[in-house]
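Visitor: Top to bottom, those sequences are chains A and B.
Counting from 1, position 61 in the first sequence corresponds to residue 154 in my numbering; the numbering is continuous, with no gaps.
Counting from 1, position 197 in the second sequence corresponds to residue 776 in my numbering; the numbering is continuous, with no gaps.
There may be inaccurate statements among the hints.
As the list claims (entries may be wrong) - Derived lysine-lysine pairs resembling DSS-like cross-links, with alpha carbons at most 27 Å apart:
1. B:Lys870 - B:Lys826
2. B:Lys595 - A:Lys148
3. A:Lys248 - B:Lys595
4. B:Lys1073 - B:Lys1060
5. A:Lys148 - A:Lys171
6. B:Lys1068 - B:Lys984
To be verified - Some chain A residues flagged as far from chain B (calculated, every beta-carbon gap over 10 Å):
7. Val185
8. Gly226
9. Leu263
To be verified - Now the in silico label distances, taken between C-beta atoms and shown as ranges:
10. A:Ala316 - B:Asp878: 45 to 51 Å
11. A:Glu264 - B:Glu585: 40 to 46 Å
12. B:Ala1190 - A:Met205: 53 to 59 Å
To be clear, the hints were calculated from the coordinates, so they are not data collected in a lab.
Glycine included, every Cβ here is placed at the ideal spot set by N, Cα and C.
Residue strings, one per chain:
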Amino acid sequence: MNPNQAPRTRIRLQYSKAGRIRFTSHRDMARIWERSLRRTGLPVAQTEGFSPRAKLHFGLALATSYESDAEYLDVDFKRGDVAVDEVLEALVGVLPAGIAVSGGAVLAPGTMSLQQAVTCCDWDIELLDVTAGDLVQWVDRVLGATTLVITRERKGQQITDDLAPQVRALEVGEPTSRGVRLLATLGTQPRAARPSELLTALEPVYRPVLVRRTRQWIEQDGARLEPLEVGAAPAQHTLVGVQ
Amino acid sequence: MSLWPELELVLPEVSKPARYIGGEGGMVEPEHHRSKVAWLLAYPDTYEIGLPNQGLQILYEILNERDDAVAERAYAPWVDMEAEMRAAGLPLFSVDTHRRAGDFDVLGFNLSAELIYTNLLNCIDLAGVPVRAENRADADLLIGAGGHCTYNPEPLADFVDFFVLGDGEEAVSDINAVVRDWKRGGKKSRQAVLRELAAVEGVYVPSLYDVAYDGPALVSITPRFADVPAVVQKRTVADLAAWPYPKNQLVPLTEVVHDRLNVEVFRGCTRGCRFCQAGMITRPVRERPAKQVRTMVADGLARSGYDEVALTSLSTADFSGIEEVVSATMDCGAGEVSVSLPSLRVDAFTVGLAAQIQRARRTGLTFAPEAGSWRMRQVINKLIDERDLYGAVESAFSQGWRRMKLYFLTGLPTETDVDTLAIGELARNCVELGRGHTKNPSVTVSLGGFVPKPFTPFQWFGQNTVSELQRKIFLLRDDIKRNRGVQMKWHDPKASMVEGIASRGDRRIGRVIEDVWRQGGTFQEWSEHFDYDRWTQAMARNGLSVDWYVHRHRAEDEVLPWDHLSAGLHKDFLWQDWRDALNEVGLEDCRWTPCYDCGACTGYSIEHIVASATPPAGGSQGTGQVPTGYRPTGAVAVQLAGAGSRASS
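Taking the hints into account, I'd like the entire structure generated from these sequences.
Guide: This is the structure:
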């Protein structure tokens, strides 16, 4: 039988990333997941060909040094009857400190990939060296601007973008023990706007001390769903893993 | 205590911050206590290069298993991180609990390459300790070093308090006991603890020796006290089975070189390749029992999640249980685990073995014939028949490999242009073999300039000059250029020259290393930071001649800077082997033939531990004189490629 036609399960996992492991890169996380899943002994599907790899589908990259409550990963399994609880249980104790799985859901065939489906993310941004009052004014100016031109480098070329349409929401949050918080919702289509770009959109430019992704959203037919909610069989918030 | 809150502010600003966070699988966060010796084990290169170092990982585990010691790890911060650290006043720190280096008792380095010596000075300086040993206060960190480079420690004698020669598994506990008592007594006298360390077998304390010169010539290195040994003997672990380490190999969170499970299958090598320092100083051969290897592989894969395991040694196909172990390893990963054999005889690299190891994944293959002509291979005692090489290459192509790398040395004793051009001939023939199996076979010739090393028969040989090495490299490059399918890479001959300065340098070279470091010359093994002129200028400024140190042939009666140290090998054995080399006479592998008393076993009352009394399939294992018309089969190393972008172009 062609292995591509064998029954399969695709499971979406939600996990958090916090603490010192936040300094690992998106690529590092991919390797960490491959090793961790191998340790579980779960029947993860492999790619065909010269250099087989586990069939993992990662969502939007999280910038190195950012934390997150809402990272997602879709995993293909060789069997058609793999259950979410079985996966969550197997992952207990195999992930490195700072990575904790918070839930999972079986995806129906044809479910849109994370990269395509997610339309915006909520961010919690901690800033030092700025007062709440100054930040409120900055937020008002950002929200009042018709365009927010940023330049970024891509393959050695300077590219300009208008960030304004991507700023869905922006407000000053409750202060932290050492600084102030900016809460932002930024669009991800066609390209994910980054908190670091938002902070350079208007003078004065701020440098965050800690950035945390708190939610990812899929907007469809007027509804806002979190990525596990589009799954066929959610097993929400079964708290698994170690922190 | 922990510098983490400060580091956290700096890390977003630097490249690859994950190399400073620790958090690896297998990491220990030990509890420090005033009655325990705190070791900071350091590799003076980047985290990516240093993390996989097996020597440090073994010591890390052994020390942390003791109830009177703790061990953490440090690596050289990359230049951007160093700048941030110096700007913020942050010292060298451990990656495990992010403690400052000054909170430890011993800063112990692994030294595996000459070009990292300036980084060692930089790490000592970042630790907040005077770089010159003579300026240290009683309670300052003790600076120690082990690893292959310590067989000529003289260039670093001014900066390191004590060196360890040979295997560290047992020595580290002996040293720990001395330092523990010193610490519990309040670290009163540095002199006293150094005197006691000098009494530990395998430990060399350079400040306890006087060096005499006569003009440029070294006359003697003699102990200043009667209780300090005149000759320091290396340490050798008699039985590897007693040391199944690392048990918990560190699994890093970010990518490093050799990012796989590594299981050492034996230590020591008696093939007798005359250029190879490792093969000389690690004798005798001590095999790990095949059963223990299988257990270490199975346990290691299960706990690490790796899908690749390397069976490491200096020549893995010589391992008595190789076929059994490879096959068992392939089975334990249900076809998803790949095995790499970083050193494998070509005559053992059969179609069957090729088929076995590519069951899971096909990575790069490197064969190391080392020299292009049969004559040259007789000189270096690497008696590989060309037919063996071609057989191995054919096996690989037939099993689906399309690319391979051939490793050669140039600048070998008695080398002529005929020998150099023979490399091109071999490479072309390999590509031709590949055409029978694939449309676009590719063979990369990797050429390194030969640097003579202490305790080898070639320790008397004058290294080729930069211009001579460059000439040979270009000769070969021009010869190869016209051939589709053959590529060539080479090690910068200027880097080989600088390696040569330190490789056989004496204590005076320390001034040069310090000079280069003070000029900002760190990360010299990275081509983007290597600065040849800094080295030649530092030599000139200190009145030292590159020709004298690097390019000069040594005489039989000359005092060598490492004559007061011993790797067991008799000097007259090495001299005889040097004469044999010049006469193109080979020497047999003594693990399967009678002892010729090189000194490595007899001197320490130890023996080879080899499960099989006969050589594995096919090889003649190095023969003596070769009858006319007869070409014995022999050995080449096979290794999987991939070790970062360090100094080669």
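Visitor: Measure nothing beyond the straight line between the CA atoms of A:Lys148 and A:Lys171; if it is 27 Å or shorter, mark the hint as holding.
Guide: holds, 10 Å
Visitor: Hey, A:Lys248 versus B:Lys595, does the alpha-carbon distance stay inside 27 Å?
Guide: holds, 19 Å
Visitor: Is it true that the C-beta distance of B:Ala1190 to A:Met205 lies inside 53 to 59 Å, as the hint says?
Guide: Holds - the Cβ-Cβ distance for B:Ala1190 and A:Met205, about 58 Å, lies within 53 to 59 Å.
Visitor: Given the hinted pair B:Lys1073 and B:Lys1060, is their alpha-carbon gap at most 27 Å?
Guide: holds, 23 Å
Visitor: With a cut-off of 27 Å on the C-alpha distance, tell me whether B:Lys1068 and B:Lys984 pass.
Guide: Answer holds: B:Lys1068 to B:Lys984 is near 10 Å, not above 27 Å.
Visitor: So does A:Glu264 sit 40 to 46 Å from B:Glu585, Cβ to Cβ?
Guide: Hint violated: Cβ distance 31 Å, outside 40 to 46 Å.
Visitor: Are the Cα atoms of B:Lys870 and B:Lys826 separated by 27 Å or less?
Guide: holds, 15 Å
Visitor: Quick check: does the Cβ-Cβ distance between A:Ala316 and B:Asp878 fall within 45 to 51 Å?
Guide: holds, 49 Å
Visitor: Would you check whether the claim that A:Val185 is not at the interface survives, using Cβ distances to chain B and the 10 Å cut-off?
Guide: Per Cβ check, A:Val185 is outside 10 Å of chain B; nearest 14 Å; holds.
Visitor: Non-interface claim for A:Leu263: all C-beta distances to chain B beyond 10 Å?
Guide: holds, 22 Å
Visitor: Given the hinted pair B:Lys595 and A:Lys148, is their alpha-carbon gap at most 27 Å?
Guide: holds, 26 Å
Visitor: Take a quick look at A:Gly226 and tell me if its Cβ sits farther than 10 Å from every Cβ on chain B, holds or violated.
Guide: holds, 24 Å
Going down the numbered hints, you'll see the structure goes against just number 11.
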